Amino acid sequence: MKAIEIFEDIKQVAFKGGAKDVKMISTKDIVVDKRVRLKCMVPPCSQSGLCRHCPPHGYSVDQTRQIIEKYNSAILFSVEVENKIITGSKIGQAHRSHKLDDKGELAVLGGYFLLVFQISALIKKKAKQEGLKAHSFAASNCKEVVCYFYDDCRVLAQKKKCRHPDLSMPSMESAGMDVFKMAANAGWPIYPIGEKSCYSDVPNGLLCGLVLLS
Amino acid sequence: MKVFPTIPDKDIRIFLKELCQLSIDDGAENANDIEVSNIKFTGVDLDCPDNEQSFYYPKVLYKKDPIQDVLTEFQNAIVFSINNEHGLKKVYEITAKVESHCFYKNYHLAVGLAAGNCRNIFCSTRNSCQAMTIGKGCAFPMIARPSIEACNIDLELLAKESQILDFNKDKTLLGMVFVN
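Line by line, the protein sequences give chains B and L.
Residue numbering for the first sequence is 6 to 219, as defined by this note's numbering.
Residue numbering for the second sequence is 2 to 181, as defined by this note's numbering.
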């Protein structure tokens with residue numbers, strides 16, 4: 006099968022999995038910035054330090070660059086989140102307290118993040134079936150998405166094997182990739198969304214994942 | 002609210018002035034912008050008893066990407082001063098407000114530094130800094146942050162370079178936000 010056909014098949018895996026858009030990019034177009042990983046730590050994100058991939062753990066920015074150098078291209082995909090869901094008024098507090106809110110806002114949003122992990126894992130699986138090397142990245146923290154109902158990341162806290170090795174992966178941002186810039190470069194509208202955001206200000210939320218291929 | 006990318010660089014001077022005014026409106030006595038290339042990193046370590054240390058103090062325990070190296074990637078920052086009668090917590094509050102404003106204006110990588118040891122301010126009743134436990138995160142996410150001095154930035158030189166002329170190390174507290 007020709008490379009173009011393989012990549013087209015892989016793109017279809019992402020679309021069928023629920024991606025809003027999928028782009029094939031050169032690894033030269035991956036934007037890595039030391040400040041992105043710092044942003045996970047200062048001020049500390051409520052998820053930093055909770056899984057083996059998020060700062061202060063995970064790849065350093067230099068390690069990320071070294072990994073990217075080993076690949077030629079990448080699949081970048083987006084998952085759109087409805088504005089009323091991503092700007093839910095109870096999400097911030099629920100994040101910080103690590104307790105689900107009574108309106109279910111965090112659980113619903115968590116479903117979108119889980120989708121990013123699943124699509125990345127499916128792309129990686131398909132790429133390997135086609136004889137390619139693949140390295141996947143998702144969005145957010147795998148402990149808080151995949152292992153939310155456990156007290157801790159088993160790898161970190163108990164030095165045991167990961168509960169979900171097929172789904173556990175670093176987020177793009179935890180590896181130092183500037184998702185805002187990469188999404189903008191892909192032509193996707195992306196907005197800074199935080200607790201002060203009102204749904205009427207934000208047309209939609211956007212989550213991104215990436216799979217390196219060679 | 003604007004779609005990414007950020008506002009054009011030609012507008013950064015205006016934006017920095019806006020940030021200085023924001024910090025003054027929130028209680029700072031003085032605020033000015035500074036080019037990051039003019040900031041002096043001393044390399045002098047701070048002293049702190051073992052039982053008072055935190056993830057951010059006396060040095061930032063972020064070994065994979067040393068914070069001093071990352072901060073030099075920025076071009077512009079703002080520095081503000083308050084009288085220490087207002088207390089250390091006020092520095093954290095102003096820093097958080099300015100940094101948050103940057104984020105919503107599409108300066109998504111903006112990072113703020115405060116003063117003193119965050120553990121003494123937010124976690125003085127706890128036995129330890131939670132962020133120093135493997136697998137746990139900070140007990141005060143989004144507000145705790147390193148101090149300027151824990152990042153090896155000389156306070157007196159910083160005040161001088163940022164034209165904060167009334168700086169007195171015994172009476173003045175400094176905060177800063179790296180913007181772009």
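Certain hints may be false.
Which bits of chain L does chain B cover? Going by a derived footprint, with three or more residues having C-beta under 8 Å, they are [stated by the list, open to error]:
| hint | region |
| --- | --- |
| 1 | 41-49 |
| 2 | 97-104 |
| 3 | 110-119 |
| 4 | 142-152 |
| 5 | 157-163 |
Below, a list of computed lysine to aspartate or glutamate pairs in the EDC-like style, where the Cα atoms sit at most 16 Å apart [as the list claims (entries may be wrong)]:
| hint | chain 1 | residue 1 | chain 2 | residue 2 |
| --- | --- | --- | --- | --- |
| 6 | L | Lys-106 | B | Asp-38 |
| 7 | L | Lys-137 | B | Asp-156 |
| 8 | L | Lys-65 | B | Asp-38 |
| 9 | L | Lys-137 | B | Asp-171 |
| 10 | L | Lys-98 | B | Glu-200 |
| 11 | L | Lys-41 | L | Glu-162 |
| 12 | B | Lys-7 | B | Glu-149 |
| 13 | L | Lys-64 | B | Asp-156 |
| 14 | B | Lys-75 | B | Asp-34 |
| 15 | L | Lys-65 | B | Asp-67 |
Bear in mind the hints are in silico, worked out from the structure with no lab data behind them.
The structure displayed is predicted, hence computed values, not measured ones.
Backbone N, C-alpha and C fix where the C-beta goes; we use that ideal spot for every residue, glycine too.
Evaluation of the provided hints:
no., hint, verdict
1, 41-49, "violated (count 0)"
2, 97-104, "holds (count 4)"
3, 110-119, "holds (count 4)"
4, 142-152, "holds (count 6)"
5, 157-163, "violated (count 0)"
6, L:Lys-106 with B:Asp-38, "violated, 19 Å"
7, L:Lys-137 with B:Asp-156, "holds, 10 Å"
8, L:Lys-65 with B:Asp-38, "holds, 14 Å"
9, L:Lys-137 with B:Asp-171, "violated, 23 Å"
10, L:Lys-98 with B:Glu-200, "holds, 13 Å"
11, L:Lys-41 with L:Glu-162, "holds, 9 Å"
12, B:Lys-7 with B:Glu-149, "violated, 39 Å"
13, L:Lys-64 with B:Asp-156, "violated, 26 Å"
14, B:Lys-75 with B:Asp-34, "holds, 14 Å"
15, L:Lys-65 with B:Asp-67, "holds, 9 Å"
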